[in-house]
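Novice: For reference, the chains in residue letters:
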Amino acid sequence: MEWLELLKLSFVYGFMWRALIVGVAVGLSSSLIGSFLVLNKFSMIGHGLSHVAFAAIAVGLFTNQAPLLFAVPTVVIVSIFILKLNNAANLQGDAAIGLTASFSIALGTALASIGDGFNVDLFSYLFGSILTIKQIDVILAIVFSFIVSVVIWFFYHDLFSMTYDDEYASVSGVKTKRLNTLLAVLTGLTIVIGIRAIGTMLISALIIFPPIIVMQFTRNFKTTIFASALLSIVLVVSGLLSSFVFDLPSGSTIVLLSGFVFFASTLYNNVKRLATS
Amino acid sequence: MTQNNKPLIRSKDLQVNYGTFTAIRNISFDIDKGDFLAVVGPNGGGKSTLIKTLMGIIRPTKGEVETESKVKIGYVPQNVQVRERRFPASVEEVVATGLLMEKSFPKRITKRDLERIKDILDFLGVSGICKKPIGELSGGQQQRVMLARAMVSNPDMLVLDEPTSALDITMRRKFLEMLHHLNEAHDVTIVLITHDLMTASHYVTQVVHVDNRLLYHGAPAKYDPANLTIPMSGEKESQPKGGVVHGMA
Ligand SMILES: Nc1ncnc2c1ncn2[C@@H]1O[C@H](COP(=O)(O)OP(=O)(O)OP(=O)(O)O)[C@@H](O)[C@H]1O
Ligand SMILES: [Mg+2]
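Line order of the protein sequences matches chains A and B.
Residue numbering for the first sequence is 0 to 276, as defined by numbering that gives the first Met the number 0.
Residue numbering for the second sequence is 0 to 248, as defined by numbering that gives the first Met the number 0.
You may find that some hints are simply not true.
[Claimed, not checked] DSSO-like, lysine-lysine: derived pairs with alpha carbons at most 27 Å apart: (1) B:LYS11 to B:LYS32; (2) B:LYS117 to A:LYS221; (3) A:LYS176 to B:LYS102; (4) B:LYS71 to A:LYS174; (5) B:LYS131 to A:LYS271; (6) B:LYS110 to A:LYS174; (7) B:LYS102 to A:LYS174; (8) A:LYS221 to B:LYS130; (9) B:LYS130 to A:LYS271; (10) A:LYS133 to A:LYS7; (11) A:LYS176 to B:LYS106; (12) B:LYS106 to B:LYS61; (13) A:LYS174 to A:LYS83; (14) B:LYS102 to B:LYS117; (15) B:LYS221 to B:LYS5; (16) A:LYS40 to A:LYS221; (17) A:LYS40 to B:LYS173; (18) B:LYS11 to A:LYS176; (19) B:LYS221 to A:LYS221; (20) B:LYS131 to A:LYS40; (21) B:LYS131 to A:LYS221; (22) A:LYS174 to B:LYS173; (23) A:LYS40 to B:LYS130; (24) B:LYS106 to A:LYS7; (25) A:LYS176 to B:LYS69; (26) A:LYS176 to B:LYS117; (27) B:LYS61 to A:LYS176; (28) A:LYS83 to B:LYS61; (29) B:LYS106 to A:LYS221; (30) B:LYS110 to A:LYS221; (31) B:LYS221 to A:LYS174; (32) A:LYS174 to B:LYS69; (33) A:LYS176 to B:LYS173; (34) A:LYS83 to A:LYS221; (35) B:LYS5 to B:LYS71.
No lab work stands behind these hints, which were simulated from the structure alone.
Throw the hints in and build the complete structure from the sequences for me.
Specialist: Pasting the structure below:
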């Protein structure tokens, strides 16, 4: 029962509280936007932006700036840039995302190898580490997840309409271009707050897993969005706690857990379908 | 009923390219309030492209579209059934998106709206499917749901892209009568893309035939698909086109 004592201590020292607050915030906003991104076939933007976040962090560490604060504007600007690139260069599907992602990784790793002092620190940004979460991260997480939730609440019906049928949405006066930009920016914010607890390499998984797990069972969109928010929070919290107990990177633990739940639910769903047919 | 003020939609010398391929060109005509316009032409002739351009979904490569600013359009797209089977949305949620054009920020769906949705579904003969996932419906049911979405807000103009292709014969007739009624009694302007002009011809006031160019625009009585103006030569047709399909069941 040594780990139970440790877990108690983690709360006493406060870093577990911080991790859990950030975790709930990230889980909430990533699943809210995830439900729209997945159905818009646009979930790869999360993947692309997380790589951009990695590059931004590397630049921040390299130049001794506060990495997260540097990442916020960078990711938001690039999210808009990706959308514009998609339209302007007439690129197919997620090609713009692919380009941006690999360019960012190249930049990040190049900087990391030049300034080899920060390699250890970088690892925690890649795969998440609850020990590194500071008060400023907590504040950022609360503010950004609040923004994401409120914006989604205000634009819920427009976003849903666009997601179901973007041509129809534009005929009925929904500003689909602007909404897409909004969605990309919100994705950027979510990624930034997820960097500490989950890591740049793994945060995009949290955008995708909860919605696709619950969509196997849900019959309408409202349930989908609520259920994936709930599931996401459960996954993040249990992942954070077990990462501490098993001494693993927190992001890895959360994503492994999500993968396991996805596998189990898919199996269950298919067995059930076979049994009833 | 038709008042000849400004047209609802006026197109001037429209051209739409997809890459290097020109889907439609040199198209100019007006849609007036109260028209019941049938848009006909071969597969690939550019009918869907034309109406999407008129509604502002596609931006024309050349030319322009002028739309009466306050016109409320209900739209039924072609090929609704190709949408994903597993899309997690209920019929009610999908039809509710038809109400968004009359809402102002922040848009909310009220109890009253849900009643209107139920009423329109009842009216279209698909009662009791409000809570069903959209992907679990038959093709015909889905098409009626798309109609419900277009009609729930009582639009001034309905634009329908082959809306009856998945409907059975009785429903098809009933549907055309309903459009006729909306057009006559409520002065709703109708734009109907159809391959079945025969069935619709009693109700239609204008026919537009598009095959890359506008080959006919006028009264249905004078429309003769076998004797259309051949487009001026000089530019060769980019694709061989089939003839007009009539009386498709
Ligand atoms: N998004 C697109 N990208 C490229 N080409 C397209 C696109 N949409 C339509 N086309 C081409 O433009 C031409 C006109 O297509 P459109 O869908 O407007 O025809 P249509 O008259 O509606 O045909 P149908 O009766 O089969 O519905 C076709 O040759 C089609 O291949
Ligand atoms: Mg068409």
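Novice: Check each numbered hint against the structure and report the violated ones by number, ascending.
Specialist: As far as the earlier hints go, 12, 17, 19, 22, 24, 26, 31, 33 and 34 are violated by this structure, in ascending order.
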